[in-house]
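S.K.: Keeping their order, the protein sequence lines are chains A and B.
Residue numbering for the first sequence follows my numbering, starting at 2 and increasing by one per position.
Residue numbering for the second sequence follows my numbering, starting at 2 and increasing by one per position.
Be aware that one or more of the hints could be misleading.
Only pairs whose alpha carbons sit at most 20 Å apart, straight line, appear in this in silico EDC-like list of lysine to aspartate or glutamate [as the list claims (entries may be wrong)]: (1) A:Lys25 <-> A:Glu150; (2) A:Lys160 <-> A:Asp29; (3) A:Lys160 <-> B:Glu119; (4) A:Lys25 <-> A:Glu119; (5) A:Lys45 <-> A:Glu10; (6) B:Lys160 <-> A:Glu10.
Simulated from the structure, these hints should not be mistaken for lab results.
2 protein chains.
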Amino acid sequence: MNQSSPVTELKLSRWMQQVLQIAKEGTDRGENPFGAGVFSPGGKALAIACNRVVSTNNVTAHAELNAIAEACHQLGKPDLQGYWLVATAEPCPMCMAAIATAGIRHVVFGAVQAVVTEAGYGSLGISGTDLASQFNREILLHGRIYGNECISFLLNNRKG
Amino acid sequence: MNQSSPVTELKLSRWMQQVLQIAKEGTDRGENPFGAGVFSPGGKALAIACNRVVSTNNVTAHAELNAIAEACHQLGKPDLQGYWLVATAEPCPMCMAAIATAGIRHVVFGAVQAVVTEAGYGSLGISGTDLASQFNREILLHGRIYGNECISFLLNNRKG
């Protein structure tokens, strides 16, 4: 993989549009309004998933964990080093730790934790960003990408 | 559920023996040496699982996440409030955040993070215990339960 592939903000927005589309299809089926995908710097979507907590009753079925699991399955190994994680909202601590454990260094997100909380989806009192700053490896966060659309999507799908 | 059921250290050790047994069966199949279970205070094992990262290639298939997913499936809801999480080793940040998100308040473990690291299974530089202290809800940690056995199991199954 070419680590020097240019990943422009325009490219990040295009990735986010794809992820947001899958998240919207999820909410149409009654899922919570979150989506995430794993992309190569070159632009290939290895996996895109929505939150599936509602349909599976599994509290850990966040979009990021689902996308990471599917991406590992696609690659046939538990290591996503070099890939980018794109999420419609700032990953929660569980997902941020999963991202780091998978070896992912670049995390792109739309809405910040405060919007997630405002939409009624709760918080553990520490954001994914705050947690990432405590890891022994560098996680590069690219927030507020395609932000207005991600924020609107969340606030239009508040927790019932 | 009777919240006042006496949960003695003897009971915790018995739970841990059950979890350790499943973890050992996992390592016999080539899995990583970690087990976890979800128990009611009365003593019912709702779910016990081993780590399945090796067999699934899924980097998130830690024993705790597997046990939580299975327990949610058993209950038919994404909420494990009132239940206890028992793990052979101190849960990593991903698993500790999952535990808190599931509404679990009591976490029982055998070997501490330092032993996990010594056995070669890495660390994000922040322990689950350190993370739990930053949550906006109280997590009660019961460490070093059946500790010698859990430590020996880990050190006898170092990462290859």
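S.K.: Output the indices of the hints that this structure fails to meet, ascending.
M.R.: 3 and 6
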